[in-house]
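Just need the whole structure built from these sequences, with the hints factored in.
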Amino acid sequence: FGLTLLMMLIGNWKWKEILKGENIKTSFRELFRPYLAGFAVMFLAPILLLAGEIFRGYILKAKNFVPWSKGMASVFIDRITEWTANLVVIFFGILFFLYTIGLPPRNLGIIFGGAFLLFAFGISIFYFKTIKRESMAKSLLRILGLERLNHANSILDIEKEIFNFFKPKKIAMWKVFSLSFLRALVMYFRTWFLVIFLGKSITSLPALSILGFTYLAAMIPIPTALGSHEAIQTFAFSSLGLGGGTATAFTMIIRGAELIIALVGVVILFRLGIDLLKNTLFKKLNNFKKDEI
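Heads up: the sequence shown at position 33 corresponds to 33 in this note's numbering, and the numbers run straight through without jumps.
Bear in mind the hints are in silico, worked out from the structure with no lab data behind them. From the three backbone atoms N, C-alpha and C, an ideal C-beta is built for every residue, glycine too. Be aware that one or more of the hints could be misleading.
Between beta-carbon pairs, the in silico distance windows are [to be verified]: (1) 45 x 197: 27 to 33 Å; (2) 29 x 103: 45 to 51 Å; (3) 98 x 118: 37 to 43 Å; (4) 136 x 267: 33 to 39 Å; (5) 260 x 47: 38 to 44 Å; (6) 118 x 160: 22 to 28 Å; (7) 177 x 259: 38 to 44 Å; (8) 193 x 25: 31 to 37 Å; (9) 196 x 91: 20 to 26 Å; (10) 64 x 125: 19 to 25 Å.
Mimicking DSS-like on lysine-lysine, the simulated pairs with C-alpha atoms at most 27 Å apart in a straight line are [as the list claims (entries may be wrong)]: (11) 138 x 169; (12) 61 x 160; (13) 61 x 170; (14) 61 x 167; (15) 169 x 200; (16) 175 x 132; (17) 160 x 170; (18) 129 x 20; (19) 175 x 160; (20) 138 x 160; (21) 129 x 175; (22) 129 x 170; (23) 25 x 170; (24) 169 x 63; (25) 200 x 25; (26) 20 x 63; (27) 200 x 167; (28) 138 x 167; (29) 200 x 63; (30) 170 x 20; (31) 160 x 20; (32) 160 x 200; (33) 160 x 63; (34) 61 x 20; (35) 160 x 129; (36) 25 x 63; (37) 160 x 132; (38) 132 x 169; (39) 25 x 167; (40) 175 x 61.
Printed below as a string of structure tokens:
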């Protein structure tokens with residue numbers, strides 16, 4: 001649980017550094033509440049695409065008066081850098097696994113291999129377009145016939161902020177990437193220590209493979225990665241000679257630790273939601289009184 005909490009603290013620190021890179025000053029404590037609330041949404045309801053990210057951006061705007069474009073850009077940058085680090089871990093972890101063990105069962109290979117390729121393709125396209133400074137949002141809006149959408153300019157502003165952040169000469173970008181890999185390193189040690197705690201002997205490279213499979217399971221939008229994590233880790237643990245039963249205990253302990261933090265995030269989510277509702281009602285009442293006067 002301690003290492004899982006440390007991961008959250010590093011993630012929040014990374015978000016703070018992203019905002020600092022956008023010339024926005026916020027305290028670590030102020031950001032931690034919406035960060036945990038956003039994590040709760042992503043962990044418990046991943047099928048609601050971008051719901052956690054949009055909530056975090058909205059809280060920044062409502063509570064910290066951060067412009068919508070900068071707030072949302074910071075959240076997307078956070079996710080992009082996180083998945084960049086994740087994909088690197090997945091690549092090297094699976095490379096070692098395939099070299100030593102071989103190919104997984106066909107169904108698992110299709111599902112998880114497809115998810116990896118989809119994410120890798122998306123991230124590659126993003127960096128390619130970012131380097132060339134070619135708008136992806138404009139092309140997407142045109143394809144969907146939404147160029148005249150009321151929020152089209154807002155979407156383009158968010159993309160502009162993201163482009164401004166990903167510049168090779170920008171120190172903040174490299175700092176954020178470093179924090180992304182630091183977070184992955186903490187997850188790596190969590191994986192290693194947990195397997196040892198379960199009474200199994202494991203070396204560094206197999207631990208990297210197990211972490212890669214953990215990230216791979218998270219790509220499938222299933223609440224708490226229920227089922228998908230067990231399926232892929234049972235195969236991985238059995239193939240590495242660690243036992244399928246150990247995989248079940250491993251996934252349950254990790255899910256339990258993350259679920260505790262997610263439930264704390266749910267409480268924060270409701271409290272922030274109630275605060276926002278109160279503020280909205282007070283504003284409407286004040287406007288109503290002014291109209292009467």
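Hinted pair residue 138 and residue 169, Cα distance within 27 Å
With a Cα-Cα distance of about 26 Å, the restraint between residue 138 and residue 169 holds, given a limit of 27 Å.
Has the given pair, residue 170 with residue 20, been kept, meaning a C-alpha gap of at most 27 Å?
12 Å, holds
Holds or violated: 19 to 25 Å for the Cβ distance of residue 64 and residue 125?
32 Å, violated
Against the 27 Å threshold, does the CA-CA distance of residue 61 and residue 167 hold or violate the hint?
Holds. Residue 61 to residue 167 sits at ~25 Å (cutoff 27 Å).
Holds or violated: residue 175 and residue 160, Cα atoms, limit 27 Å.
Status holds; Cα separation ~20 Å.
Residue 160 and residue 129: Cα distance at most 27 Å?
12 Å, holds
Check the following: the C-beta atoms of residue 177 and residue 259 are separated by a distance inside 38 to 44 Å.
For residue 259 against residue 177, whose Cβ atoms are near 29 Å apart, the range 38 to 44 Å is violated.
What's the verdict on residue 200 and residue 167, does the C-alpha distance respect the 27 Å limit or exceed it?
44 Å, violated
Regarding the pair residue 160 and residue 200, is the alpha-carbon distance no greater than 27 Å?
49 Å, violated
Under the criterion that the straight-line Cα-Cα distance not exceed 27 Å, is the pair residue 129, residue 170 satisfied?
Holds. Residue 129 to residue 170 sits at ~18 Å (cutoff 27 Å).
Is the hinted pair residue 160 and residue 132 satisfied, with a Cα-Cα distance of at most 27 Å?
13 Å, holds
Are residue 45 and residue 197 spaced within 27 to 33 Å by their CB atoms?
30 Å, holds
Of the hints listed earlier, those the structure fails to meet are numbers 3, 5, 7, 10, 15, 24, 25, 27, 29, 32, in rising order.
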